[in-house]
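Undergrad: Residue numbers (the working numbering), protein chains in the order written: chain A, 1 to 244; chain B, 1001 to 1231; chain C, 2001 to 2307.
None of these hints come from the bench; they were simulated from the model.
Note that CB positions come from ideal geometry on N, CA and C, so glycine has one too.
Treat the hints with caution; some may be incorrect.
[What the hints assert, rightly or not] Computed from the model, here is a short list of chain A residues facing chain C with C-beta under 8 Å: (1) Leu143; (2) Val150; (3) Ala182.
[What the hints assert, rightly or not] Derived list of chain B stretches under chain A, where covered just means 3 residues or more per stretch with a C-beta under 8 Å from a C-beta of chain A: (4) 1096–1108; (5) 1112–1119.
[What the hints assert, rightly or not] Quick list of the computed label-pair ranges, beta carbon to beta carbon: (6) Ser136(A) / Val2183(C): 41 to 47 Å; (7) Gln215(A) / Leu2228(C): 33 to 39 Å; (8) Thr1021(B) / Pro73(A): 33 to 39 Å; (9) Asp1218(B) / Gln215(A): 29 to 35 Å; (10) Gly2170(C) / Ala79(A): 29 to 35 Å; (11) Glu1158(B) / Arg24(A): 29 to 35 Å; (12) Ser69(A) / Val2183(C): 57 to 63 Å; (13) Thr2197(C) / Arg162(A): 22 to 28 Å.
Take a look at the letters that make up each chain.
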Amino acid sequence: MNSGTLRTIRTLEDWSRGGSWLHRRDPRFKLLSALLLLAAIALAPARDSRGLLLSSAAAVSILFIASVSAALPPLSILARGWVVLPFTGVFALLAWLEGDPHRAAALLAKSWLSAVAVVLLMAVTPLERLLAGMQSLGVPPLLASVVQFVWRYLHVALDQLRRMQVARLARGGERRFVFAAATVAVLFASSAARAERVHRALLARGGEARFLLLQPLKTRPADLGLLGGALLSAALLMASGGWL
Amino acid sequence: MSHHQPIIEVRDLRYRYEDGTEALKGVDFMLHRGERVALLGANGSGKTTFLLHLNGILRGQGFIEVCGTELAGSNLKWIRRRIGFLFQDPDDQLFLPTVLEDVAFGPLEQGCTAEDATRRAHAALEHVGLSVEAARAPHRLSAGQRQRVALAGILAAEPEILVLDEPTTHLDPPSRGALLTLLAGLPQSLLLATHDVVFAAQLAQRAVFFDRGRIIADGPIDQVVQEFRWT
Amino acid sequence: MGSSEMHIPDGFLAPPVWGALWVVSAPAVVVATRRAQCDLDESKVPMMGVLGAFVFAAQMVNFPLGAGTSGHLLGGALLAAALGPAPAIVVMTAILTLQALIFQDGGLLALGANLFNMALAGTLAGYWPWRALAGGRFNRIGLFAGGFCSVLVCALLALSELSVSGVRFGSAAMSLALGVFLVNAVLEGLITLAVATSLEAIRPGWLKAKAGAGSPALLLLFAFATVLASVGFLFASTHPDGVEHLARMTGLISHERRFFQAPLADYEIALSGSVWIRKAIAGLTGLLLAAATCLALARWIGRWRRA
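Model the full structure from these sequences, guided by the hints.
TA: Next comes the structure, spelled out in structure tokens:
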């Protein structure tokens, strides 16, 4: 667990609380638009290098324009897609070694672009609004609440983990299997105790852990416009790949 | 309710843990409206256990009356509206994604509309001096700020009694000072369990001393502190 | 980020694969959520959330193995032992969703597949062995077996899904992958056992052993069926001719061909030829049916015995 990851999370959170046109859209429509884009990226036929290049270029342009219109740094957003590299790189290498460089390129391009699309979605939608949107689309409330809770307390758990690791290093403990297991066990016990305390605090405030949004979700004509834009983009991706 | 009737009355409160150890061995206590009382005593002497009985989170044997109503399974929600409980670790209390939402939770639970709840939340945040952080996630704030947000959340619910369980444990001196100033200006009756004797003395006039599940002293705070050399 | 080897990103799986797995996973998660609602007592959301945060964080802990390598915890078996299977499924779903959204660890379209592998099959495969052996002399074996099976099943399913989607593994690559996953499975078993043992020292009696439900033999049967189905799926997806031969013998194949010809004949899917997909779907359907029959039979026997 390094500070780089924390910085990544913080940046994404800060981005998500912006006020652009895209930020203000209904999260349900943003989710659907993102899924449309993802489907288009996945399904865009790329039988030859030209098709792959064209559809990838189209996708990059769409994501670039969307980032700029959301007042976000487009290159940073595009760069974040490369988290897929470890997994994808292995398979791309395998494909290349098997004599299929086209497939390798396709794997790299599609997984990278898909990741960027998700980054963009999360960069224009605060997590709690996205979850509220998902809940109104049918995700069970208990599941949405648990996601909220996990996210809220992840930072607490990571903090505690960091402190324990620092303390162990200060005592001269090397990194050993048994120590890691003990650390995780203590973290578990501490989490269970904290869960009990959180439950008591909730009782004291008289309520169940319900997540009621202060600004309820409202669909506006602009949201339909966004969806329309997403449909057009998806069509463009499919067309440029050689579907037509 | 008459002026002299206590706002909290406890008679012969007993409580046993699951493994059989007696945590409270017959506690008698009274709190009058507007009073501020400090609960002192060693760790494990029963201070927290006692406080958790006042809003029914723990249920023992004996008589408990809050705001003129005897505590029973049927009126727990009513009583919990009247007692604002501030816990030791603000991370245990702030569970919502943003500060504003967490502070608004209390009013919303009481049935306020979203606009009313938001208004009350903003007012409470203003009171604790953290209006500017309304849209932030709790984990981005310092411990002292989180404790004040937790306090704002309790104040937004407009309780009659404030119960604070070791509120200064994780706070640095400036945050302690800020919390002290805040609490000193509040009209509610106050119960404060703490090891921070200096903090307690600046806030409360009266203290009770817990020892192994019993209250063995009850009087002016300076006297109690001196009697047990609790510095 | 954690056990990222098994989070499949977008762009790898063929549409029928990720589509079908969404159709399976989404209702399954809803069912599990409903069960979790009844299973746990009032303090469920804080407990699930905080323990979920714990597992999420614990997945980032390095367990040194010597020679510079290290392993990571997946945590499905541990959660199932601590909370019971339904709440564990909900928590793992929450973790995987957050990983996909915030860290792009696993794709959104592929989330259905990742949920199937890690939150559903993996968690159940981790629960049954432990529950079958819990409380007795074989308690520790049960914990190890739970961890082992959860990762093994996850890995087999992931490999199968990739294979069916047309990602070609040479035999060398496949052997290497299986080897790595076996090591990871052993590791998960060891870590689960080690953590549970440490935990027993801190908080004796933390494990939720549900009284009564199911006989050990039945649960082991479930576990065996899950592992067998996963192995079978992998085999069928990498040796489609063998399955086709089998299907032709049993008379299924002529039926299947006609069914799958219509929607897919004109539809070119990137990364894989349409003939391949038809075969793969045949194999997949056959195996899912076999697994479902096995499990249904076991459950029916169980109910009959209890009556």
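Undergrad: Look at each hint and say if it fits the structure.
TA: Status of the hints after comparison with the structure:
The beta carbon of Leu143(A) comes within 5 Å of a beta carbon in chain C, closer than 8 Å, and the hint placing it at the interface holds. Taking 8 Å as the C-beta cut-off, the interface hint given for Val150(A) holds, the closest approach to chain C being about 4 Å. Given the 8 Å rule on beta carbons, the hint for Ala182(A) holds: about 5 Å separates it from the nearest Cβ of chain C. Evaluation of the coverage hint for the stretch 1096–1108 of chain B: fulfilled, as 9 residues show C-beta separations to chain A shorter than 8 Å, against a requirement of three.
Residues of the stretch 1112–1119 of chain B with a Cβ under 8 Å from some Cβ of chain A number 3, which satisfies the need for three, so the listed coverage holds. Under the hint 41 to 47 Å, the C-beta atoms of Ser136(A) and Val2183(C), about 44 Å apart, fit the expected range. With their beta carbons about 51 Å apart, Gln215(A) and Leu2228(C) fall outside the hinted range of 33 to 39 Å. For Thr1021(B) and Pro73(A), the hinted distance range of 33 to 39 Å is not satisfied, since their beta carbons lie about 59 Å from each other.
In this structure the hint that Asp1218(B) and Gln215(A) lie 29 to 35 Å apart at CB is violated, the actual value being about 49 Å. The hinted window of 29 to 35 Å between Gly2170(C) and Ala79(A) holds, with their beta carbons roughly 32 Å apart. For the pair Glu1158(B) and Arg24(A), the supplied restraint of 29 to 35 Å holds, since their beta-carbon distance comes to about 33 Å. A hinted range of 57 to 63 Å for the beta carbons of Ser69(A) and Val2183(C) is inconsistent with their spacing of about 47 Å.
About 24 Å separates the C-beta atoms of Thr2197(C) and Arg162(A), a value consistent with the hinted range of 22 to 28 Å.
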